[in-house]
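Visitor: Sequence:
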Amino acid sequence: CRKMCDDLTSRRQCYGDRLIDWIMHNIIWAALFALAFAFAAPLAAQNHDAGRQAFERGDYAAALREFRPLAERGNALAESRLGLMYLNGYGVARDNGEAEKWFRKAAEQGFAFARNSLGLMYFNGQSVAPDSVDALRWYRRASDPGIAQTQSNLGYMYEEGLGVTRDYIAALSWYLKAGAQGHAGAQHRLGFIYALGRGVRRDYVQAHLWWSLAAAQGIKAAARALDNVESKMTAEQVAEAQKRAREWKVK
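Going by our numbering, the first residue of the sequence shown is number 1, and it counts up by one from there.
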């Protein structure tokens with residue numbers, strides 16, 4: 001068990017700093033903007049689109065000019081974008097306090113991305129003292145729209161007993177939801193869940209399947225875990241796992 005877990009190097013690093021890195025580089029712009037546009041006024045949607053385009057081409061000053069007026073008028077999507085920009089220093093001085101302020105404004109309006117971001121800030125102790133209970137609370141409040149990253153975060157909290165009693169069955173449930181959407185981190189953790197028999201019967205075929213999917217998305221630790229688990233499997237089991245991986249589709 002220890003050898004498999006050591007491949008992560010540091011779980012806190014993997015699910016702390018890496019989650020913040022996810023915010024910086026993979027914030028699923030298209031899906032979140034589409035969701036917000038369904039309820040936004042046409043002019044606000046146009047301004048958001050201009051801000052998004054400016055952000056994507058690296059013109060953060062222009063993005064800020066589009067987002068700030070909307071945020072100051074209480075637009076949750078723009079508030080969340082400002083939080084992101086302050087968190088990472090995009091076009092402004094990095095300021096965790098300002099990031100928390102804008103994320104909180106958007107979160108209080110029910111914006112799931114902002115709620116997840118607040119959970120990450122509590123988990124990592126950014127602008128606030130590290131607090132697993134508050135992190136879990138915000139993750140739970142963000143989970144309804146089915147954001148894979150939030151589901152994976154919740155899985156990790158339950159797996160490690162952070163802010164909640166450790167519950168491998170609940171962890172498995174959340175990881176499966178995220179993994180089914182193609183979330184590589186959740187797929188990687190599912191490999192451990194099945195290989196170690198946490199809340200489920202030990203199943204090396206399923207472990208191999210999930211690690212294969214995670215490795216295909218560039219998770220190096222998953223590739224190393226594959227080598228380890230294959231040494232415990234028969235040729236027939238490996239063939240079955242590979243077949244399942246080939247047939248697997250995002251749900």
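Don't take every hint at face value.
Derived Cβ-Cβ restraints for the label pairs, each shown as a range [claimed, not checked]:
#1 Met-233 / Ala-93: 28 to 36 angstroms
#2 Ala-93 / Arg-201: 45 to 53 angstroms
#3 Pro-69 / Arg-244: 48 to 56 angstroms
#4 Lys-243 / Glu-108: 16 to 24 angstroms
No wet-lab data here; the hints were simulated from the structure. Beta carbons: idealized from backbone N, C-alpha and C, even for Gly.
Visitor: Each hint should be assessed against the structure and marked as holding or not.
Guide: Hints and how they fare:
no.: 1; hint: Met-233 / Ala-93: 28 to 36 angstroms; result: violated, 52 angstroms
no.: 2; hint: Ala-93 / Arg-201: 45 to 53 angstroms; result: holds, 52 angstroms
no.: 3; hint: Pro-69 / Arg-244: 48 to 56 angstroms; result: holds, 51 angstroms
no.: 4; hint: Lys-243 / Glu-108: 16 to 24 angstroms; result: violated, 48 angstroms
When held up to the earlier numbered hints, the structure conflicts with 1, 4 and fits the remainder.
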